[in-house]
Structure formats: C-alpha cells, structure tokens
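Protein sequences, first through last, are from chains A and B. Taking numbering that gives the first Met the number 0, the leading residue of the first sequence gets 0, the next gets one more, and so forth. Taking numbering that gives the first Met the number 0, the leading residue of the second sequence gets 0, the next gets one more, and so forth.
Don't read these hints as lab results, they were simulated from the structure. Keep in mind that the hints are not guaranteed to be accurate.
Subject to a maximum C-alpha distance of 16 Å in a straight line, what follows is the list of computed EDC-like cross-link-like pairs (lysine to aspartate or glutamate) [what the hints assert, rightly or not]:
#1 K27/B x D200/A
#2 K46/B x D68/A
#3 K27/B x D205/A
#4 K179/A x D200/A
#5 K418/B x D205/A
#6 K417/B x D205/A
Cβ-Cβ distance ranges computed for the label pairs, FRET-style [what the hints assert, rightly or not]:
#7 A104/B x S178/A: 58 to 66 Å
#8 S35/B x A75/A: 23 to 31 Å
#9 K74/A x Y238/B: 29 to 37 Å
#10 V22/A x D45/B: 30 to 38 Å
#11 Y163/B x D78/A: 50 to 58 Å
#12 K43/B x N19/A: 35 to 43 Å
#13 A75/A x E402/B: 49 to 57 Å
#14 R142/A x K27/B: 23 to 31 Å
#15 K43/B x F174/A: 50 to 58 Å
Even for Gly, the Cβ is constructed at its ideal location relative to N, Cα and C.
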Amino acid sequence: MSSLNELKNEFVTKLLEESNNDVIISWTKEVLKQGVTPLSFFDQVFTPGMAEIGEKFSRLDIFLPELMDSAEKAKALSDQVLAPLLVKDTTSNSLMRGKVLICSVKGDLHDIGKNMVSLMLQVNGFEVIDMGVNVAPRDILGRAKEQEVDIIALSSLMTTSMPYMKEVVELRDGFNLKSKFAVIVGGAPITKEYSEAIGADSFGHDAVEAVQKCLLLIDRPVISK
Amino acid sequence: MKHRSRLVEVLHRAETGPIIEEAEFERKLVAPTIRSLLKKYDIKYDKSVFVPNDDDLADRVFQAGLDLAAEVGMFCQSTSRRIVWTRSELEEGLRFCPTEVTLGAGNDAVVAKARKPDDDGRVLVAGGAYGTPVPEYMYIPMSLSYLKEPVIELIDNPSLETVYGYPVKAGSPWEVLAARREAELAIQAANIAGRPGISLGCVELSPTALGGLAGASWGGYRPTDWHHAPILSELKTNYDMLSIVTHVTRIGGVLEAYYNPIYGGFVGGAEGVAVAIAGGLILLNQIHMGDTLNTRPNHPFYNCDTTPELIWGISLGVQALSRNTNLILDTLTGPAGGPGTKTILYENAAFVIATNVSGQSIMTSCHSASGGSIPRHASGLDSKICGEITHAVRGMNRAHANELLKQIVPLYINELDKKPIGLPFDKVYDIEKIEPTAEWQGMYDEVRNDLIKLGIPLDRLTH
Numbered sequence: 000m001s002s003l004n005e006l007k008n009e010f011v012t013k014l015l016e017e018s019n020n021d022v023i024i025s026w027t028k029e030v031l032k033q034g035v036t037p038l039s040f041f042d043q044v045f046t047p048g049m050a051e052i053g054e055k056f057s058r059l060d061i062f063l064p065e066l067m068d069s070a071e072k073a074k075a076l077s078d079q080v081l082a083p084l085l086v087k088d089t090t091s092n093s094l095m096r097g098k099v100l101i102c103s104v105k106g107d108l109h110d111i112g113k114n115m116v117s118l119m120l121q122v123n124g125f126e127v128i129d130m131g132v133n134v135a136p137r138d139i140l141g142r143a144k145e146q147e148v149d150i151i152a153l154s155s156l157m158t159t160s161m162p163y164m165k166e167v168v169e170l171r172d173g174f175n176l177k178s179k180f181a182v183i184v185g186g187a188p189i190t191k192e193y194s195e196a197i198g199a200d201s202f203g204h205d206a207v208e209a210v211q212k213c214l215l216l217i218d219r220p221v222i223s224k
Numbered sequence: 000m001k002h003r004s005r006l007v008e009v010l011h012r013a014e015t016g017p018i019i020e021e022a023e024f025e026r027k028l029v030a031p032t033i034r035s036l037l038k039k040y041d042i043k044y045d046k047s048v049f050v051p052n053d054d055d056l057a058d059r060v061f062q063a064g065l066d067l068a069a070e071v072g073m074f075c076q077s078t079s080r081r082i083v084w085t086r087s088e089l090e091e092g093l094r095f096c097p098t099e100v101t102l103g104a105g106n107d108a109v110v111a112k113a114r115k116p117d118d119d120g121r122v123l124v125a126g127g128a129y130g131t132p133v134p135e136y137m138y139i140p141m142s143l144s145y146l147k148e149p150v151i152e153l154i155d156n157p158s159l160e161t162v163y164g165y166p167v168k169a170g171s172p173w174e175v176l177a178a179r180r181e182a183e184l185a186i187q188a189a190n191i192a193g194r195p196g197i198s199l200g201c202v203e204l205s206p207t208a209l210g211g212l213a214g215a216s217w218g219g220y221r222p223t224d225w226h227h228a229p230i231l232s233e234l235k236t237n238y239d240m241l242s243i244v245t246h247v248t249r250i251g252g253v254l255e256a257y258y259n260p261i262y263g264g265f266v267g268g269a270e271g272v273a274v275a276i277a278g279g280l281i282l283l284n285q286i287h288m289g290d291t292l293n294t295r296p297n298h299p300f301y302n303c304d305t306t307p308e309l310i311w312g313i314s315l316g317v318q319a320l321s322r323n324t325n326l327i328l329d330t331l332t333g334p335a336g337g338p339g340t341k342t343i344l345y346e347n348a349a350f351v352i353a354t355n356v357s358g359q360s361i362m363t364s365c366h367s368a369s370g371g372s373i374p375r376h377a378s379g380l381d382s383k384i385c386g387e388i389t390h391a392v393r394g395m396n397r398a399h400a401n402e403l404l405k406q407i408v409p410l411y412i413n414e415l416d417k418k419p420i421g422l423p424f425d426k427v428y429d430i431e432k433i434e435p436t437a438e439w440q441g442m443y444d445e446v447r448n449d450l451i452k453l454g455i456p457l458d459r460l461t462h
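Same shape as in the complex, but just chain B (with noise of 0.2 Å):
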C-alpha cells in the first residue's frame, strides 16, 4: 500500500482541479479525445479477430490511453472538478505501483502477481455472485457454493434484497445495517466451509460511503479482504468512493478499484472500449489507487461482456496495459447467460480464455445472467467453469486463444438478444445439500467435455 501515500494529494486536487459540468466533461472532453486518439494512434476493431495477437497495436493503445489519463483525468461529481495529472505524474505513478498483493489471511491467503500477454504464470481465481441480489436465507447456501469449490480462491458476494426483511434504501440507516448484515453472513458462510481467511470482496451493499465504511469496521469485513472502490462510467468518481478508498487506506486494506465503460456510450465502439480501459485503468491506479485493478465493460443492450467487439476490446485494454505496467489486473466475467444454460458456461468459457492470455493476473467470475441483475439467478458452477478454463489454459498464447474463441463464440452468439437468463438458485442446487441439481451438473458436465473435445485441457492433473 505504499502508493496510497498520495491519498492526502489526491484529494488535494479533487478540491482544486479544472471546474466543469459533468455532461460537458463526458461528451465534450472524454468522446472527442478518444475519438481523436483513435486516429491518432491509428487503432481500429478488426471483426475477423477475437483476441489480438499485435503487440504494436496493443502498445499503440497503452499510449494512447496514457495521452487520454492525462488530457482528460477523472471527474469528481461532488466538486464539479476534474482530478488531473501530467503525464510524467501517470507514469511515476505506475512506475512504483504494487507487483504483488497479498489478499486473504493463514492457509486462505493467496498472492497476485503481475502477468504479461501469452504468460505462463499462475492466474488467481475469484468467484462468487458478484453483487447478485439474493434473500437474507439463500445468502450463505449460495455463497457456499462458491466456497465449496477448491478451484475458487477469492470470494465476491452477492447482495441482500432486504435486511431482517425490509428493503435496503441507500443513503439510509437501512444501509448501514445491510453492510453489516452482509459482512456476518458472508463471513459466517467462509468459516463454515472451513475457509475463515479466504478474501472477500466487499462491501457489495454499499451505494454510498455508508456502505462501505460500515461493512469495513470492528467486526465486520477484514483488512485482509478485498475492498471495492469502484468509478462511474466514464470516468467519474465522487465524495462517497474517494470515502471508501480513504478509509480502506488508513485501515490498511486491500483495494480492488474497477472501471466499466459502456460499448456504444460516450467511449464508442470495441477500439473506444480499449483505450478507456487502457486509460481508466492508469487513473484508478493514480486516484483510487487500487492494488487489483478491475474491468467489466457493459453491452448496453445485452447487459454482458461476451459479445465478440468486447472480447477484441478487452482483451486489448488488458494486453495494452499488462505489456506496458507492471499493474495487477483483473476483468469480471459477465455472461448474459445464467444458471441452467449452456449459454453462460460458453460465454464464460471464451471470456475467461481471451483474458487470461492478454496477461491479466486474478480471473473474477461472475455478472450471471444479464450482468448479475437478475435476483437469485447465480451458481457456484458459474464460477466453477472459470476456474477450471483458467487452470487448463496456463500458458496458451494469443493465436491459440483466438483459434479456440472462433469456436466457442458461435456456440452462444445467438442467444445473447434472447435474455438467456436461466433459473434461480434454488432451482438449479439443492439448498440444504449446497450440491448441483443431476440436470445442471449434467449440462456442465457436457459443455465441459465439448470443451475438451476442442482442445482445451481441463482434464489434465498438472497445471
């Protein structure tokens, strides 16, 4: 955590950056730079290509989302101000940013590297129902089965519907209580998997800095879990966030900061996507100064990140900024697909293959069904399929990745637009038993041997 010792600086300039209204900031500063950085840097999607094999291209896109950090910097929707940098700032920043982290506690605790484009090193994996809205008695069933799968070494919770029952209004007491709620249940849910330290990312109810700052005190979520500091989309952030990331600070925790822009919105198209991820990455290292740095780009119609102009794009964001920085990545998987469908088991499937070639360092899975908004519908084996891809790809470069994805994205591209959202928890496991039900273990079971009848080793002992 030594970087955050810029946090006082940082919010220095969230107080006394360049005065602008926030929709001049995102269409009169953010899409016409990226625009021209586009052509500038001569960055175009090619359609034939699902993961880029080009390391010129993907260097072309690191600088031009370091010219992008600094000649917009982020927005502060509570001062009206942008937090700027120069560009010598960004990369001093980068240069002394953490190259490994530490997340977790005792025989739980595991160690994020920073990983290259085609890498064979050991890429961690998180699973969990990532903010899925879930009732107070499915919480720990559910949670349990992610932390029942030995391939899941980090944990990111769903969210609570209500609290003892009634709804969660942010900004309220009531949330300040669902933090806490969500801290006890979600950390009951590991000791009883015999999982005590296992990292857990926090705090999913947390819409304001009540949220996050309640769910992160004395007898809540830990030092040693894994707190989010998000951004809005594009590029802002604001008094409740830089709260969080205060606070995480001086408690001395473990930050995931993420940024998710929206394909088509203000950044364009698949090559806007990878210059905001290139460029949003560089300022949350330098504003919310995460330790893991996240990106789950949105479909806006289809609520995922599978479709192929996100795979190219994300894929480049990850390698423009792994090939260049030593900073530890991660993206979120997020399937339009939900629990009992072939779909999202494909889909997660080719996200996790693409992304973890392009050098991320933590797999994270995964947005079920629609991005993780429909309530009840995520499953352990959402996850689980993530883990075993990213163990059984450990060392595939780029040109084996694209190879396998031009297999993989035809077997879901047409179920994207058909809201493939599949069933609710208690439909596809046994809640008391926390065990798949004999269909959707034998749905998974068969995408996972067509998997292999492709090539992808998942069923080799070593990895």
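Next up, chain A with everything else stripped away, as it sits in the complex (with noise of 0.2 Å):
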C-alpha cells in the first residue's frame, strides 16, 4: 500500500485533474478498504491535500475555478464518505474547524476577494455561510445569531462601506454578543490599525492570513501558510 504522504500527493492530483465527484469518492472508499482508517486518511491525506491546494492558489499555480472545483469535490467526498464513518468513531475529532458567516458589507458589491477568503476557509476545514454581498449589518448579525458561528468575516472593498463594519461591531457589543462571535475583517483598504480603532478582534491582509487568522481565533494550529 502506498505510505500516507503518496496518498496525499494522489489525492491532490486527483482534485486537480478528475472533473467528476464519483472517481474521487470511489478511489477514497478503495483507500479505505486497503486498511487506511477514516481517521488517518482525514487527518494526514484530506487536510493537508487540502491546505496543500490552498497554497498552490496562494502562489497562483492554480486560479479560483480549480479551487472552487476542488473544494466542491471534498465536500462531497467529507459529506458522502469521512463525516458518516467519523461520527461513528468516538475517538475522532470533529470534521470541522469552526464555523464562520462571511459577506461583503453594505455598499459593497465585490465580490472575488470575499470569494476567494471563503474558498481557502474551505479547503482548510472551515463551515462557511456566506451572505454574498451588499449586506446590513443588522442582517448579518441575525444570521449570526441563527446559525451559531464561530466568527464572523467582513470585506470591503471601499472605504464607503467601511462604516459599515464598525456597526457591526457596534452593534454586536450592544446587544452584548461579543461573546458569541469574534469579527474579523479584510479587504483592500483595511489595515491594521483600522481593524483595532472598531474593535474588530483580527485582520487578515489578504485570504491566506484571512485563514490563519481564523484559526488563530478559534485557537487552533496553523496548517496551511
């Protein structure tokens, strides 16, 4: 049987190349039958297949379609094949990392770097609900509350919608929720320092720190550069 860094390379190449969700799904379960535990293959061949193809976008060695197709082929691979056989196995973490709202705020009606953010949250093991774009602060802190994320993620584009992040912020510690979700937010014109003056608790300068950042939020190691 090949060794697990083999598998890994495989499985990459596989995301890459196999347009149809059903080779890759297929060649997991034959992984699987060959003795690999659904535990191994999750933690050494699916998240750092995964990471590994969110720094080949983060070199620009692949572009957003061949990123959007590869994490929409491990999704199906973890809803159809690794989260049924992990459940039932007590002694495994959860599949996910964390769960994060993300959207652009209002006024703001760009999109690919939002896109791009909530892709690499993706394949590095993140539940994403993204709002899209144009989006109320007050929108988004219901559907924050509804779903029960980890954090929530703003961009903007502009420095007209701007304001809009700091009510959210604002908002969030007036109805005192800074409990429940930690904001970060990124974009174009976003600095550090803009981060800290609204109180926001992080900032990422683009996605791959927008991924690190997350993690750092929700206090887990760091996978992916």
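Dock chain one against chain two, each of which comes alone in its own frame, and use the hints as you go.
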C-alpha cells in the first residue's frame, strides 16, 4: 500500500485533474478498504491535501475555478464518505474547524476577494456561510445568531463601506454578543490599525492570512501557510 | 455621443434578458467559455515575452473576445438577467463607435483619437491620485501636485476619507454630501492651478448611483468632465452603474467605462486576461457606451497590474482591440510601489511603454501604492514619470518596447511581494509649496537618468 504521503499527493492530483466527484469518492473508498482508517485519511491525506491546494492557489499555480472545483469535490467526499464514518468513530475530532459567516458589507458589491477567502477557509476545514455582497449590519448579526457561528468575516473593498464594518462591531457589542462571535475584517483599504480602531478581533491582509487568523481566533494550530 | 442612442434598448435588455444566478454566471458561463475560447483560438501565454509582437495572435484574441461578448453578455445584478447581443449587433456597435472625443473645455480641452499598435499618434496623459483616500485638508494640495505638472492633460481625482470630519457611508446622505464636496474641491484645485477647463475624472466617491448623480448635478462636475461608469468583475453591471450611464447620457457628458478583470480569478491566467479585456471592452462599448474605455486588471495578492503576466495580457488585449476597432482605449497604471520608492517609477515606466505601443489613446496614471488602496500614498511625481515616458516613446514599436522591458522589469520584480507602499503624500511633498522633497525628487532624477541610459529619450525636446 502507498504511504500516507503518497496518498496525499495522489489525492491532490485527483482533486485537480478529475472532473467527476464519483471518481474521487470511489478512489477514497478503495483506499479505506485497504486498511487506512478514516481518521488517518482525514488527518494525513484529506487535511494536508486541501492545505496544499490552498497553497497552490496562494502562489497562483492554480486559479479560482480550479480552487472552487476542488473545494466542491472535497465537500462531496466529506459529506458522503468521511463524515458518516468519523461520526461513528468516537475517538475522532469534529471534521469542521469552526463555522464562519462571511459577506461583503453594505454598499460593496465586490465579491471575488470575499469568495477567495471563503474558499480558502473551506479548503482549510471551516464550514462557511456566505451571505454574498451588500449585506446590512443587522442582517449579518441576525444570521450569525441563527446559525451560531464562531466568526463573522467582513469584507470591504471600498472606504465608503468601511463604516458598516464598524457598525457590525458596535451592534454586536451593543447587543452583548461579543462573547458569541469574533469579528475579522479584510479588504484592500482595511489595515490592522483600522481593525483595532473599530474593535474588530482580527484582520487579514489577504485570503491566506485570513485563514491563519481565523485558525488563531478559534485557537487551533495553523496548517496552511 | 451618437452611439448612446441605444440607451433605452440597453435598459430594456437588462429587464428582459435570460435569467441566471450570479454565481452560475461567473462559474458556469464566464470561466468555461474563456477556457474553451483559449483552446479554440490557440491563445497561450509566452513568459519569455513582455510585449507581444504577433498580429495574428492579437487578431485571434479579438475574435475570442467577440465570441465571449456574444456568448456570455453582461450580467445585471439588479435583475439577475444577462444583457445579451448578437455578434452582428456587437460588430455594428463597434463600427459606429466614436473615433475621437474632446475632453475638457476652453484652452484646457484635449482630443483623444483612436490609435493602432506601433502608431506614432499622440497619446493623452491623464494623471491623478485616482481614488486614493485622502483627508479633506490634503485634497487640494495633493490634486495640485498633479495639476502643476504641464505634462498632465487630464485629471483623475483622489477620494475623500471623510466629509466635514464624518465617515462617508455608501448609499446614504453622506455619499451625496461627499460627492458634492469632492466636486467642489476638485474644481477649486483646477481653478487654483489656472486650468479651469481641464477634464476631471469623476465621481470618485460613488459606490452607488447616489454619488455619481449628486456629484454631476448643477454646480458640481460638468458635462466636459470625464464621468466614470465601471462594471464589476467579472462582466457584471447593476442599476447603480446603469443609472450613472443614463444620467451622464442625458446631461451630454463624456463617459469613461472601465472593466478590471482579476488575474487568477474566473478569467484564469494571462491569456484569459487578454481575452477578458477584449470581450469586456466590446461589451462596455455596447452597454455602458463609453466614449473612452479603460481596463486595469488586478493581481489578487499584490494589488497591482505590473507583473510580467499582467503586462503581457494587458498589452495583448489592447492590441486586439486597437488593431480591429476604432475604440478609444486607455489603461490605468497600478503599481505595487508607492511614492518615495524607485519601485513605483520603474513599474510605471514599464507599464506605460508596453501599453502605449499597444495602441492605447490615453495613458491613465495612477493607482499608486498597492493599487490605490493605501490612504494618502500618492503624489504628482507618480504620474509625471508616466507622462514623460508617454512622450518619449511616441512612435516606438512593440519589438523595441519588449527589449526595454527586459531591462526594466528586473529592476522592480523582486520588490512586488514586499508591499513597497512608500510614504504618504505629506512625507514626500512640501504641502504648502506643493513641491517634492529633495529626497523624492532626487530619487526621481536618478531613475530618470537610468531610463535615459537604457535608451529612452526622456531628455529630447520634441515629440
């Protein structure tokens, strides 16, 4: 049988080259039949494989459509094969690292940067609820409460939308929800100083850093550079 | 503005086109269509080249762009519909597009004319802090640092950080107030500089239609100014942008439409950027009906358009359009570097050489310091270098430009990932005298001399 590292490499190749979810699902089932435990597969093939996909995107060795396709195939594999097996395994950890609600705040219709962060979070094991663009502060908090998320991730590419980030933080604190959700902010005009000035809990300069900061916010080790 | 007679048809098609989810439009339509067109027309990035010099390749990119425009159309976010046109309708739109346009008024008026690759026709020079956020007290001094440079013939304005000390909120009365204030300050700066009729890029503070309409109403920006109506990446418009197009059309204003594809995003790599530029600007001509059409593709991690891949893609996209249409094209320099660095000067030089020889009509500069995203990081010298280069390379051909870029790009390429944003305006200029500091001027002069040694005749007196 191949080593776990070889399996990880094969997993990455299949994610990028196979166009059909069924192929990767069949391949994973075959690997598991040969004696790799679901937990080993998850920890040493699936998770580092997805981190590698994220790293390839951060170097632009692959582009957004390939990243999206890989994330979609990985989700299908996780939902249909790994999650049911791992739920049975009482020694396993949860598949998901945490739940993140993400959106571009009111007044901002840009979504590509936000989508990149969303995908990088997913390939690094987060469950992501994407509210899209131009989302009002009260709608953000309402959905965050309803979905019991761990982190609210706010994107703005425009200075004229930045006040709505501040409003989200103010409303969160005003409604005594600070202990419920961390807020991370990002986007071209957003700086660490601005993030601190409005009382956000963290700031990500780009999609890669956003993942690192979200991992730190939920106090988990960083796996993807 | 004769071509804007189809305004009502544009608005009608935004209400009646095929319905599609926004996510499906980009992922299931834009991305796969571009991928298949790259194969169909055999368009491949050649990393040994900075400025392509292959007319057949440029023509294939044009055909791919026309196919993209006809097959995909533009998505209207407000109606969830595609605004679609047949290939023959798009061709007719190109056939009757304006071939020249007057910007500005009186002695300050300038005329932009369609150009071709390797053309020796004059390229207009636009300069300004293009959307860079600045505090109110700095707005006029920063604008004057560009206006006092005679090489700059059109102005693109910075954006206000606050209005009367308060944050500007999109879609609120604050946006209206800020747009009015921006117009007031921009016109005041032009008057102080003795260039009252110069065409001003506007309205910078217009995340929704509120700013665009308020800033271009009575007492604000004038019809002779340069009214901007962008689309969103990739190939998306909405009621706000179409409202600005409608308003500018009805006040008889000059319209600049622009589209900024994202490198590594749904359009893919350098070759995808080239096809997206060709297709996107054909759609902009048809739907936003710009008198001038701009592109400023973006690198998602460096926030710039000066990487070798982007220079290649932009040059090729512009060549495709300038060879095959009479569109009045311009590109916006978006360096990673900022004021007070040599990086920005080399980046701007390389970008301007590549795009001017590719057939653009207006050289627009610049999105200083990480694509204009760093507040206060912009200065007049950032654009002056672009203007000087523009005049010096007039009549240069693509092969010569490529040789120059082989020497210039290595001077900055290793700096791009270091976030070389430089210094804010008040650290590189005396903001009372509106003069560069000795350090910044000295750095500028050193780079200028370096470029002269490379064979760029920045010191010649005629152009």
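Hints and how they fare:
no. : hint                        : in the structure
1   : K27/B x D200/A              : violated (36 Å)
2   : K46/B x D68/A               : violated (26 Å)
3   : K27/B x D205/A              : violated (25 Å)
4   : K179/A x D200/A             : holds (12 Å)
5   : K418/B x D205/A             : holds (12 Å)
6   : K417/B x D205/A             : holds (14 Å)
7   : A104/B x S178/A: 58 to 66 Å : holds (60 Å)
8   : S35/B x A75/A: 23 to 31 Å   : holds (24 Å)
9   : K74/A x Y238/B: 29 to 37 Å  : holds (34 Å)
10  : V22/A x D45/B: 30 to 38 Å   : holds (33 Å)
11  : Y163/B x D78/A: 50 to 58 Å  : holds (53 Å)
12  : K43/B x N19/A: 35 to 43 Å   : violated (27 Å)
13  : A75/A x E402/B: 49 to 57 Å  : holds (50 Å)
14  : R142/A x K27/B: 23 to 31 Å  : holds (26 Å)
15  : K43/B x F174/A: 50 to 58 Å  : holds (55 Å)
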